[in-house]
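There are 2 protein chains.
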Amino acid sequence: MTNIAAPHIDALRTLLGESGLLVEKHDLEAYETGARFDRGVAAFVMRPKSTEEVSAAVAYCVTHRIDFIPQSGNTGLVSGSTPDETGTQAILSLDRLTTLGGIDVVNRSVNAGAGVRLSALNARAETDGLFFPIDLGADPMLGGMIATNTGGSRFLRYGDVRANTLGLKVVLADEAGTVLDFTSGLRKNNTGVDWKHLFIGTTGVFGIVTECVLNLEPLPGQQATALLVPASDQAVPGLLVQMEQACGSALSAFEGMSGNSIRAALAHVPALRNPFEGGIVPDFVILMELTRTSQACERDQPLDALLESVLAEIWDSTNKPLANALMGPPAEMWALRHALSEGVRHSGRLFAFDLSFRRGDTLAFLAQMKAQLADTYPDLTVCDFGHLGDGGVHFNLVAQPDDPDLADPGFEAALRDLVFSVAVDDFGGSFSAEHGIGHKNQAWYDHYTPQAVRTLAASLKRAISPGKRGAMHF
Amino acid sequence: MTNIAAPHIDALRTLLGESGLLVEKHDLEAYETGARFDRGVAAFVMRPKSTEEVSAAVAYCVTHRIDFIPQSGNTGLVSGSTPDETGTQAILSLDRLTTLGGIDVVNRSVNAGAGVRLSALNARAETDGLFFPIDLGADPMLGGMIATNTGGSRFLRYGDVRANTLGLKVVLADEAGTVLDFTSGLRKNNTGVDWKHLFIGTTGVFGIVTECVLNLEPLPGQQATALLVPASDQAVPGLLVQMEQACGSALSAFEGMSGNSIRAALAHVPALRNPFEGGIVPDFVILMELTRTSQACERDQPLDALLESVLAEIWDSTNKPLANALMGPPAEMWALRHALSEGVRHSGRLFAFDLSFRRGDTLAFLAQMKAQLADTYPDLTVCDFGHLGDGGVHFNLVAQPDDPDLADPGFEAALRDLVFSVAVDDFGGSFSAEHGIGHKNQAWYDHYTPQAVRTLAASLKRAISPGKRGAMHF
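If you're matching them up, the sequences are chains A and B in order.
Okay, so the first sequence: first residue is 1 according to this note's numbering, each after it adds one.
Okay, so the second sequence: first residue is 1001 according to this note's numbering, each after it adds one.
Simulated from the structure, these hints should not be mistaken for lab results.
None of these values were measured; they are calculated from a predicted model.
Just so you know, not all the hints are guaranteed correct.
As the list claims (entries may be wrong) - Chain B stretches covered by chain A per the calculated footprint, using a threshold of three residues with CB under 8 Å from any CB of chain A:
1. 1020-1029
2. 1052-1060
3. 1100-1108
4. 1184-1196
5. 1226-1233
6. 1422-1430
7. 1451-1465
What the hints assert, rightly or not - Some chain A residues near chain B, calculated using beta-carbon distances under 7 Å:
8. G151
9. G248
10. S356
To be verified - Among chain B residues calculated to face chain A with C-beta under 10 Å, some are:
11. F1037
12. T1202
13. T1203
14. L1406
15. L1418
Backbone N, C-alpha and C fix where the C-beta goes; we use that ideal spot for every residue, glycine too.
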């Protein structure tokens, strides 16, 4: 049971109905456990089934000083949607807000509840030849995608969740549970503050998203992919520029994969084929993708032919940026890319960093950081991969279980200090490119955010949603 | 001279230097007059030449309760950058913040001061095959473009200023003149609030933008344009959908032009050629454009051929959506499009509305509104044009000088009430699609913004930039 007083439980059950409130331990477990390692104890779980019920529950909790954490699919990677260990925090689950409106084909948009899964949205949109262009390994709910502002592998072409959100409905954490409705679905509207941006990427701190209007894009009908082996690190930025100039908006992905991360994937995901000659994995490989909508591509030469001619020209260019280039089936190449994360997780004890840089700095950071790590922590394996097209780097460090460093209780903190000092201080990069701020990043937010900005964020929080929301305070 | 006390003038001159403060009437005039009709009286003009000087000037004004209006190119259309008639408001001009950094080719970005003209930015970017993809008739400064969140004719392909702004440097209107620096130039960064969105499109109410980091796009190397005459209003939304599915991201403009606006342009801009058979202008014409970057297009069939084959297919489709289609030189077709505004302005007394709708509602609004106006104000001519690709409508009503309605002092207010009641109340549209909120729209902001939202905006204003800023209070 819960350590929140019984009258509160009764009152909330009256507001939300019998199935709207969970208090039994076995019912709570699924909500207490995050996607990676994090696990807390929930006081109870509220499961409102409409914006009005969210408003009523929030108003009750704020009025009675009950601390609560909004949660949707709970697939985030920074402990932004799980309670702490005290058992004093309730969970406000959005998983019953699953209303999915019809596709507005002319506006290329859809209204959807915060509890709708990405896969469910795309299944609906596909029948009209459309999709929500955020490409992720996981299958999150839309509320969490908005609260995290997820990016993914096709950011280069389509942008992030923010760029594809036309509107929101939000419940503020105030004593009234104020509902703000910005769901007009207009694509162009400059009538004051564009409020949705305060709620996108801020982990529910400023309010709880209950509904959204999303932009949909025409489904690509044709893809062509290649694995590029650059002649050197220095050649990579130029390759990106050449590809963008040659392929324009047909370029939909330009992903970096270290040899270590590819080897980890091949070792731990047996179904994968090793596409490299003699099975020898290069040190660094780029997965690039071209896409086109179905009708246009039928009129031009096949996309494979276009890609081949672009690659031939780059191959012959005077600076010789390519050591190798393999064209191949998109499904096989993306299977390799999407297996990297799982492969790395199974390679040992993982220390993961979600970094980003100005695009020209990515390779320079990797070179400098790897050199420093080889000096300081020679037993760590660097298994980086990421999104060269937008500067994102999933910088993963893997230790073997017998690494003596692991016995040092200060090891992880020292390692994180070192990586962030190079990434953020030396290169002006981000300490959270696409995973957002959760408990895991709160300390780094405090460290790297100027005092004036933190003060301002706190003022906004007080002005907009004064109710408590876990320990998060940005 | 000015009615601000001489000691203030002396103190500000000390902060900004001799050339940084203008007080003589003949020096002020250029800053007192807006792009359209609006004209006020400035107490004096401050012309800081760096962010530090902006900060010092703002701190002084806020501390001493001097009301000031930020202004850059002063080409806006809603009186957002001109003082009122009282002579008590100073102007903070950003026109000396003209530092333009080098182009970061790999990051496709540039750092630029708020006083840089759009044309100057594009001249610099062109040497690297890039451009800032906001297509406007005017040549504004970047500060005003950001404060207004301008859209333009290629929104469909590239989005608005917001979508193309990577970062900002901002001075808050507080007693310290606090400087916030968000100019890291990262494309992907989720470390809390994405502050730039509070300052984009809010007319300087929350702070003064002094510097920006902008996204640049590869210059299109090949264009193809056509004028489409739809078979009926009902055919237009389907045409947009068919074109997007057929042409994907090559579709860079889909603009609507009423016959009345075309006739006005032809009558008042003599250099224009009438492209229609027998000179007979249709009731409604769509200007569509396809673009590609230069290298990619050389590999595929010419864009003209692609457009021709798409048009042939649509021409033959069973619902026969097209009555006519004319392909022609892009320069000539855009000259017609860009002349509409001037033509309409010269056709009589103009009542202009900057509206937007969900894309499927645009034509339905036009039909209903025109019917109601024909009933109520039969002597008005409707000269609408706009951006069908994003739902934007420049809804222009022209009265002839002898129209008896003009003698009625309540006419304009009644007309605006009627149009907004249909556009906003009946169709859920925007009363300011891309011109922002200035004095001209303040009353409509007050009328159409829910009390809870206005209260929240006022709280934010107090928390972020408590200093006065003209009469604007959203």
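Violated constraints from the hint list, given by number and in increasing order: 1, 2, 5, 11, 14, 15
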